[in-house]
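Protein chains: 2
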Amino acid sequence: MMLKVPDHQVAGHRQARDGKPSPLIDDAGRFYKPLQDDDRGSKEVAFYSSFSSNTRVPDHVRRLFPVFHGTQLIEASDGSGLRPHLVLEDVVSSRSHPSVMDIKIGSRTWYPEASEDYIQRCFKKDRETSSLSLGFRISGLQIYGNEESRLWKPENKLVQNLSAADVKVVLKKFVSSNFPDDPNSDPDCSFAASVYGGSTGILAQLLELKAWFEDQTMYHLNSCSVLMVYEKEKVLKGERSDAEAKLIDFAHVTEGKGIIDHNFLGGLCSVIKFISEILTSPDECTTKVCLQDSDKNTNDSENCTTEGL
Amino acid sequence: MMLKVPDHQVAGHRQARDGKPSPLIDDAGRFYKPLQDDDRGSKEVAFYSSFSSNTRVPDHVRRLFPVFHGTQLIEASDGSGLRPHLVLEDVVSSRSHPSVMDIKIGSRTWYPEASEDYIQRCFKKDRETSSLSLGFRISGLQIYGNEESRLWKPENKLVQNLSAADVKVVLKKFVSSNFPDDPNSDPDCSFAASVYGGSTGILAQLLELKAWFEDQTMYHLNSCSVLMVYEKEKVLKGERSDAEAKLIDFAHVTEGKGIIDHNFLGGLCSVIKFISEILTSPDECTTKVCLQDSDKNTNDSENCTTEGL
Chain A
1 MMLKVPDHQV
11 AGHRQARDGK
21 PSPLIDDAGR
31 FYKPLQDDDR
41 GSKEVAFYSS
51 FSSNTRVPDH
61 VRRLFPVFHG
71 TQLIEASDGS
81 GLRPHLVLED
91 VVSSRSHPSV
101 MDIKIGSRTW
111 YPEASEDYIQ
121 RCFKKDRETS
131 SLSLGFRISG
141 LQIYGNEESR
151 LWKPENKLVQ
161 NLSAADVKVV
171 LKKFVSSNFP
181 DDPNSDPDCS
191 FAASVYGGST
201 GILAQLLELK
211 AWFEDQTMYH
221 LNSCSVLMVY
231 EKEKVLKGER
241 SDAEAKLIDF
251 AHVTEGKGII
261 DHNFLGGLCS
271 VIKFISEILT
281 SPDECTTKVC
291 LQDSDKNTND
301 SENCTTEGL
Chain B
1 MMLKVPDHQV
11 AGHRQARDGK
21 PSPLIDDAGR
31 FYKPLQDDDR
41 GSKEVAFYSS
51 FSSNTRVPDH
61 VRRLFPVFHG
71 TQLIEASDGS
81 GLRPHLVLED
91 VVSSRSHPSV
101 MDIKIGSRTW
111 YPEASEDYIQ
121 RCFKKDRETS
131 SLSLGFRISG
141 LQIYGNEESR
151 LWKPENKLVQ
161 NLSAADVKVV
171 LKKFVSSNFP
181 DDPNSDPDCS
191 FAASVYGGST
201 GILAQLLELK
211 AWFEDQTMYH
221 LNSCSVLMVY
231 EKEKVLKGER
241 SDAEAKLIDF
251 AHVTEGKGII
261 DHNFLGGLCS
271 VIKFISEILT
281 SPDECTTKVC
291 LQDSDKNTND
301 SENCTTEGL
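Top line first, the protein sequences correspond to chains A and B.
Numbering follows the UniProt record's numbering, with no gaps: position 52 of the first sequence is 52.
Numbering follows the UniProt record's numbering, with no gaps: position 46 of the second sequence is 46.
Misleading hints may appear alongside valid ones.
Here chain A is said to cover these stretches of chain B; the calculated rule only asks that three of the stretch's residues, wherever they fall, bring their Cβ under 8 Å from a Cβ of chain A [what the hints assert, rightly or not]:
1) 72-84
2) 99-112
3) 213-221
4) 265-278
Derived by calculation from the structure, the hints in this document are not laboratory data.
We put the beta carbon where it would ideally sit given N, CA and C, even for glycine.
Produce the complete structure using the sequences and hints provided.
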C-alpha cells in the first residue's frame, strides 16, 4: 500500500504541526487520519463506530458523512512508528483540482461536558472569530482559478473572522470563474447554479442535513465542520458538477440525550441563508451587499473590499 | 382610566420587586410596562417603534408580537410619580383564567455588543439553567386546574433548570385535564391536540415564526421569550381554543446586520421539537420518556418524577 501526505488539506489543525503526524492517503480513495493521543482520538472512533452502525440514520443523510472503514495500525507520516489511524473515505484528494472550503459550524464550539480550561479557550476563540456573530467560521479554503496551476489559498487566520459582507464575497468567489485573488474583479458567480443550486447541489444537500438536525436527538456535533468540495475543471468543461457537502471532524461529539443540536442547527441555517442569497440574487453587486450588511458606523465603500484576501 | 396590577405575570423580572414599579393593565385590554431606567427601556421602545412600522414584516408574523400603542406618561404602580410606560396589547390578563408559560429562547442570552459584566452574568446563568443544554429555559408558568380556584404556579427557580425529560412533563401538564400538581397522576395530554395542534394551534404559530427566522436578518431577539397562553375553561366547554404564542421582552434586541438570528432560531427549533413529540406521541407514558431521555448514570425510575414541581 503506497501512502502519501495529501495535497489538499485546508483546515489548519488537520495538518502536521506541533510534531504531530499528518493524515495520509492511498491511491484507492482512502484517507488515514492519525488518532489524536488524548481522548479526542477515541471519541472520534466512538462516533464513527456508533454512526456507521446506527440504523436510524437515513441513507440520504449518511451520504453526507465520510464512509468509515474502521481503524488501522500504520506507520505514521512523521516516521514515529506504528500508530492507529481512522480509515475514511477520501473526500478531497480523490479529485485532481478540488476547490475546498471548510466551515466550522456553530456559534459555540465548546460543550458543557468539556473541561473548564477547554471551555474558556473555545469561548475566547468563538468571540474572536466570526463563530459568535455568524454562527460559523471559515476554517480554511482553497479555490482553483481557471488555469490549472493557479490556486488561491488564503491563510486560515485571514478567513476565520470575516464580516457578513466578506463571507458573502468568499462564498461567491468559491463559485466564480474569474480568478479569485484578483482584487479588481467582482466575483461573477457563474458556477453558483451548478455548484450550489439544483436538486443535487450543495444547497440541496445542506437542506437535507437541516431537516435531519431538526429531528435527530442522538448526536450533538460540537466543533464539526461542513466541507464543501467540487472540481472547477468539470464545470468549465460543461460536465455535471461533482459538488459535495461532507461533515468532518467528530472528536467532540456528545450524546444528544433527547435534545436536538440547536447550536449546530442554528449555524447551519446561517450558512444556508448566505448560500440561498447568492442563488436568488447572483447578479447583486458587491456594493449593494455591503450597503445592506455594513455597520452604520463604518464607511460603506471601505467595507466593500475584502481586505487582505 | 382605571389601572390595576395584573394577576397573571409569570416571569419574575416583570413583577414589581427591588423597588421597581410593576406593570399595569386597564379594562380595555392594554398592558402598561414601565420603561426601565437604564437603556433597556429606550431599547425596547426603539424595537417596538421599528417593528411596528416595518413594512417588511408579514402580517402572519406580526400577529405573533403584542400590538404596540406607543408610550404614555402615567402614575407608576408604586406611587413614585409619573413615569413613561410602553402601552401594549394585554396578551394575558384579558383572559379570565389563563394558563401561561414564559419560555426564554436561546442557549445564549447575551450578545457581543453588551458590557463584559453583563456578558459574564448571562454566561453564568445560561450555564446554570437549561438554556445552554436545551436552547431555552422556562422562565415562569401557571396552569389552571379543572376547578376555577385551583392554580399551579411553581416558583420560577424550580423550572429554569429542568432536564429534557422534566421539560417534557411540564409541557404535557400544560395541556392536561388532570390537576397539574398531583404527583401521582401522569399528565393525560387531553388538550394537546386543541392547544398545541391544528392549523391555528401553538405549534403552527411557532412554525410560522421559525420560517420567518430562517429568512429575516433585521433583528436579533436576544433574551426574548415566547409566551404561550390559553384559557382551559374554553377547551373544557368544547369551545374553540384561544391558544396563542406571543413574543415578549425586547430590551436586548440588536440589529441583524444581514445575519439570521441563529441563536434564537436554534432554541425555537428545540421548543418545536419538544411540542411536536408530545403531539405525535400523546399516549407515550412518562416512564418511556424518561428511559429515552435520561442520563445513563441516573436511575430511570427516579428520573420519572418531576421532583419539587
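Checklist entry - Which numbered hints turn out to be false for this structure? => result Violated hint (a single one): 1; every other hint is consistent with the structure.
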